[in-house]
Amino acid sequence: MEYSSVLTTCTYCGCGCNFYLENLDGRLTGTIPCKTSPVNQGRLCIKGWNAHEFVQSDQRLTSPLIRKEGRLVPVSWEEALDYTASELAAIRSEHGPDSLAFLTSAKVTNEENFLLQKFARAATGTNNIDHCARL
Amino acid sequence: MTNSIGDIEEADCIFITGSNTTSSHPIIADRVYRAKEKGARVIVADPRRIHIARLADVHVQQKLGTDVALLNGIMHVILEQGWQDQEFIDQRCEGFESLRDTVKQYSPSVVEGITGVPAGDIERVAELYARANAASILYCMGITQHTTGVDNVKSLANLAMLTGNIGRPGTGLNPLRGQNNVQGACDMGGLPNVFSGYQQVSNPEANSKFASAWQAELSDKPGLPIPDMLAGLEDKSVQGLYVLGENPVMSDPDSDHVSHALQQARFVVVQDIFLTETAQMAHVVLPGVSFAEKDGTFTNTERRVMRVRKAVEPVGDSRQDWEIIQDLSNRLGYSMSYSSPEEIMQEIAQLTPSYGGITYQRLEGDGLQWPCPDTGHPGTKILHQERFARGLGLFHGVEHQAPAESVDQEYPYWLTTGRIYTHYHTGTMTHNSPTLEREAPEGWMEIHPDDARKLGVRTGDRVRVASRRGSVEAAAYVTEDISPGTVFMTFHYVESNANVLTNPATDPIARIPEYKVCAVSLEKAA
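Taken in order, these protein sequences are the chains called U and V.
Residues 1271 to 1405 in the numbering used here are what the first sequence spells out, letter by letter.
Residues -15 to 510 in the numbering used here are what the second sequence spells out, letter by letter.
Bear in mind the hints are in silico, worked out from the structure with no lab data behind them.
Some hints could be false.
As the list claims (entries may be wrong) - Okay, derived cross-link-like pairs now, DSS-like style, lysine-lysine, Cα gap no bigger than 27 Å in a straight line:
| # | chain 1 | residue 1 | chain 2 | residue 2 |
| --- | --- | --- | --- | --- |
| 1 | V | Lys365 | V | Lys47 |
| 2 | V | Lys138 | V | Lys294 |
| 3 | V | Lys88 | V | Lys47 |
| 4 | V | Lys220 | V | Lys205 |
| 5 | V | Lys138 | U | Lys1305 |
| 6 | V | Lys20 | U | Lys1305 |
| 7 | V | Lys20 | V | Lys365 |
| 8 | V | Lys220 | U | Lys1338 |
| 9 | V | Lys205 | U | Lys1305 |
| 10 | V | Lys438 | V | Lys47 |
| 11 | V | Lys438 | V | Lys508 |
| 12 | V | Lys22 | V | Lys508 |
| 13 | V | Lys205 | V | Lys193 |
| 14 | V | Lys22 | U | Lys1305 |
| 15 | V | Lys22 | V | Lys88 |
To be verified - Short, incomplete list of chain V residues facing chain U, as computed with Cβ under 10 Å:
| # | residue |
| --- | --- |
| 16 | Asp434 |
| 17 | Lys438 |
| 18 | Pro492 |
As the list claims (entries may be wrong) - Chain U stretches covered by chain V per the calculated footprint, using a threshold of three residues with CB under 8 Å from any CB of chain V:
| # | region |
| --- | --- |
| 19 | 1292 to 1305 |
| 20 | 1329 to 1336 |
Don't be surprised by glycine CBs; every beta carbon is placed ideally from N, CA and C.
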């Protein structure tokens, strides 16, 4: 059996508690609160104690999907990315960059947020980017 | 937060308003308990008798949407009694006369008429807050999710400045941010008008700095906030929508309107980890990865940047979110060639003054609180210690304004919304966590026993709740924790989603919707 524990930051609320994710043979099995964290000092709430559970849910998306004849069907990454890029490019060339809009996310990392706003502003040319800060 | 989470324990008085702290920020509630144990007084102003109200020295239950009046009443008493910090006002602030003239009209008896809070309680709150050596304000969406959200926050700022409760340990104006990385998403420029670090896209200097770093021509016209994007989809001025890790069909007000707007789109892309209600409407769905499967950073409510580390391999064929964006960018002809999230952070630090000193190496241990302008800087635990960001703190005289929608004969009950302890936001993650789902598998509506009696409803009975936007059914939960005439629901459950009912009217400046107040009718369902 192989066991590891990795220190990370909780994905739920804005407290930002630190815990270790426990990995046993490639599956997450639990969380251990970090005692030295300046935020949670060894404590967690019920969501933090169970933050590993949804990660390996059988409801997770495991493949790109494209709508064909009204239904979302699995496709390759190549096809999904080519199709997405060509649709975005077509809309931009027909109606201008401000006909595209982006919602970034309060759940993803700083790096991913930075990259999506760069993509919106520099690659497609629009400042139409917002997220659920108000919700 | 102007101050830090640990700093809450230094307060002699903690004023909590519009925050169901024990449900939504349990670990911060722990700090309030500890402060209380050390002798701090706790004031709670909330229309519901939430859990933390039970340990409060004073709990006032203002009517929905009357926060400005309540705060003006508190400040009226402070000025009448001479409890203000005149030295702080004279040296650190400006515009005091405008505040003084406005709050003069808000005597406790006038405010009692608007808010329903007894005049004596208003006086007691004023005394506890103003006479503490260090008083901290904790607030959350109960303050901001109003058509007067900006006015509410300005009023809290007035109160803190009036009493000199800012820039010192145990004080401050402390918004508790709802999402793990909502602070970071704002810091990183996930907003229509600013690049990272709140640098305006319309500022020529900032625009040319980013244009030259990114080698691209950049628009200097601020973009659309979410409500205007939805309107744009409906009038066809917006044709394509790219959604990363959000679920607007569930989370935005007036859900039926949101679904209608998405149906008008020519092209919708959703990048997420589950097939959310929004993803079900997409043309393309791109599977990203969860927090446990990626490296990066989150920034918490106290501005602390902390590491996120990969603990398990991604499920199935899902891919790193940054790689998906990079691949799309390259296909659109704008080259990106990052090799890791750490390399992206190096660019963030170069272009974002408040993150200038942040490196992955320095984040080992406790992380760093911005502003952290250079690699020798230790980070900032308390903001506004010597001066405010704008120099002098500006008082605003703010008048009370009624909510956008009011009860009437057709819709005679007030509805307010929020979260519960075991679920989170639209439930995408928590409904897929068996332990959490077992705790609260279905949504409910809190209703006062007097109202329940009138409707002939007992706990567990189904009630049809309707507003001018739509209607849903929910099980009743009869409780004295809510005021007569008001009901409470969550937006965690698709089958009883309060956002089918909520009012999309927004604050004119912040464009935040008025989730916390709308008018509904109730009837016992068959």
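A quick look at each hint next to the structure:
| no. | hint | in the structure |
| --- | --- | --- |
| 1 | V:Lys365 with V:Lys47 | violated, 35 Å |
| 2 | V:Lys138 with V:Lys294 | violated, 40 Å |
| 3 | V:Lys88 with V:Lys47 | holds, 21 Å |
| 4 | V:Lys220 with V:Lys205 | holds, 19 Å |
| 5 | V:Lys138 with U:Lys1305 | violated, 37 Å |
| 6 | V:Lys20 with U:Lys1305 | holds, 22 Å |
| 7 | V:Lys20 with V:Lys365 | holds, 22 Å |
| 8 | V:Lys220 with U:Lys1338 | holds, 23 Å |
| 9 | V:Lys205 with U:Lys1305 | violated, 47 Å |
| 10 | V:Lys438 with V:Lys47 | holds, 21 Å |
| 11 | V:Lys438 with V:Lys508 | holds, 10 Å |
| 12 | V:Lys22 with V:Lys508 | violated, 47 Å |
| 13 | V:Lys205 with V:Lys193 | holds, 16 Å |
| 14 | V:Lys22 with U:Lys1305 | holds, 22 Å |
| 15 | V:Lys22 with V:Lys88 | violated, 35 Å |
| 16 | Asp434 | violated, 32 Å |
| 17 | Lys438 | violated, 33 Å |
| 18 | Pro492 | violated, 13 Å |
| 19 | 1292 to 1305 | holds (count 4) |
| 20 | 1329 to 1336 | holds (count 8) |
Of the numbered hints given earlier, the model fails hints 1, 2, 5, 9, 12, 15, 16, 17 and 18; all others are met.
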